[in-house]
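All residue numbers in the sequence shown are consecutive under my numbering, ending with 472.
Honestly, the hints are just simulated from the structure, not real lab data.
Everything numeric in this text was worked out from a predicted model, so none of it was measured.
Beta carbons are placed, not taken as given, at the ideal position from N, Cα and C, and that holds for glycine.
Check each hint, because a few of them may be wrong.
[As the list claims (entries may be wrong)] Now the in silico label distances, taken between C-beta atoms and shown as ranges:
no.	residue 1	residue 2	range
1	G91	E337	26 to 34 Å
2	R104	P242	26 to 34 Å
3	A453	K187	33 to 41 Å
4	A92	E329	23 to 31 Å
5	L472	H195	48 to 56 Å
6	S308	P71	48 to 56 Å
7	A453	H195	32 to 40 Å
8	R203	G68	30 to 38 Å
9	A446	G91	37 to 45 Å
10	G68	E337	19 to 27 Å
11	E430	I272	26 to 34 Å
12	E430	L108	47 to 55 Å
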Amino acid sequence: MPSSGGDVASGGRRPHVVLIPSAGMGHLVPFGRLAVALSSGHGCDVSLVTVLPTVSAAESNHLDALLGAFPAVRRLELELAPFDASEFPRGADPFFLRFEAMRRSAPLLVPLLAGAAASALVTDITLSSVVIPVADELRLPCHILFTASAAMLSLCAYFPTYLDANAAAGVHGVGDVDIPGVYRIPKSSIPQALHDPNHLFTRQFVANGRSLSRAAGILINTFDALEPDAVAALWQGSVASPFPPVFAVGPLLPANIPPPASNQSKSPANYIDWLDAQPARSVVYVSFGSRKAVSGEQLKQLAAGLESSNHRFLWVVKSTVVDRDDAGEITSLLGEEFLDRVQNRSLITKAWVEQEEVLNHKSVGLFISHCGWNSVTEAAASGVPVLALPRFGDQRVNAGVVARAGLGVWVERWSWEGEEGVVSGEEISEKVKAVMGDEVVRRKAASLGEAAAAAVDDGGSSYRCLAEFVRL
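Kindly generate the complete structure, drawing on both the sequences and the hints.
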């Protein structure tokens with residue numbers, strides 16, 4: 001990473017890294033953690049490009065808290081070009097639309113970055129195919145932070161080749177994808193949008209996949225013990241060739257950011273006080289992230305399963321795609337009778353909780369998760385077993401990582417968004433009881449937690465990778 005002022009050790013300027021995240025907490029959170037790691041632990045000046053207003057209130061609150069807690073991380077505001085969403089289908093995913101709006105505004109980055117005196121850029125994968133040309137124009141090295149799994153990166157890198165081979169053979173549609181050096185990702189686990197060649201996300205995904213070879217390097221929020229096969233294959237260039245250097249820098253550690261007071265006011269009780277009152281490893285933590293809502297019928301079945309499992313549980317409920325639209329009350333979603341029956345062994349909230357704090361609590365014994373990648377890495381870092389209930393996107397690929405690594409359990413036949421049926425309360429209950437009582441899964445999850453801590457410690461594999469990235 002060249003610095004125009006020379007080496008820091010010899011009295012020159014610190015390298016200035018500009019980070020360009022995209023929309024959604026799943027993308028923003030790891031960028032914030034990378035910003036803090038580079039600024040506080042690796043001697044870099046860091047700027048974060050932000051687009052306001054954000055899609056969700058969670059993003060806005062997180063940005064304000066991050067930049068308030070770490071004033072050394074500077075904000076560079078990007079005003080988007082006018083964007084007409086009416087050219088896309090009604091009800092299109094608001095986050096995919098924001099990706100597209102940012103992609104179309106990429107030329108506006110030129111004057112913003114030219115005045116920032118940057119040494120290098122790190123952009124989100126969703127923007128890579130449009131930001132790399134900007135970086136080339138400015139003669140800046142452009143790296144990518146891939147915010148999902150190494151398995152998903154291997155799919156992104158190989159998918160254009162797969163499509164080209166299908167087209168040459170006259171094959172239509174997407175089937176199982178055998179990724180060289182990694183493993184087969186079955187058709188049923190391929191993100192739903194990728195089965196439609198005209199889908200907005202598919203067009204973005206393929207363009208970004210083709211751009212990977214032009215990046216200066218790729219950082220992944222994973223670590224060797226969690227995904228040994230995929231990390232090794234990417235390192236060796238087995239998945240695609242030519243391929244830039246790959247840096248497994250995860251799990252990116254949470255920054256010490258105070259939660260917004262507005263979130264605490266919505267909670268029926270202080271969740272940490274409640275967890276403190278529960279026995280060790282007795283609580284099932286349930287959360288499906290900030291990105292997608294769970295259908296009403298699946299919410300009811302999940303509630304039934306949690307109730308009949310007879311275990312204590314902390315459940316963060318989400319009922320809309322965008323949190324600003326979430327006006328529904330828990331009582332109307334789950335029913336007053338259910339809430340009365342479980343009130344002595346549960347805490348149910350719609351407020352934002354600090355997930356790492358919950359997962360690191362001694363009372364938590366299981367995490368029922370959609371398997372968004374941030375949630376998977378946080379569970380791995382905490383050594384908490386996962387019961388995977390993926391809903392959309394890359395989450396079945398991530399659930400496969402969970403099962404392969406021994407971090408938890410995934411029932412592959414369970415339905416997800418777009419498929420008929422729901423996962424029944426009876427099946428959920430049976431799996432909760434089984435995993436809560438499985439000492440083998442518990443020990444394996446704990447060992448992954450130890451491996452994660454070793455990876456990010458001074459001299460660990462992920463620490464060395466991030467230091468090597470800074471030295472480029």
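Hints and how they fare:
no., hint, result
1, G91 - E337: 26 to 34 Å, "33 Å, holds"
2, R104 - P242: 26 to 34 Å, "28 Å, holds"
3, A453 - K187: 33 to 41 Å, "37 Å, holds"
4, A92 - E329: 23 to 31 Å, "28 Å, holds"
5, L472 - H195: 48 to 56 Å, "37 Å, violated"
6, S308 - P71: 48 to 56 Å, "50 Å, holds"
7, A453 - H195: 32 to 40 Å, "39 Å, holds"
8, R203 - G68: 30 to 38 Å, "37 Å, holds"
9, A446 - G91: 37 to 45 Å, "43 Å, holds"
10, G68 - E337: 19 to 27 Å, "42 Å, violated"
11, E430 - I272: 26 to 34 Å, "30 Å, holds"
12, E430 - L108: 47 to 55 Å, "53 Å, holds"
Checked against the numbered hints above, the structure violates hints 5 and 10; every other hint is satisfied.
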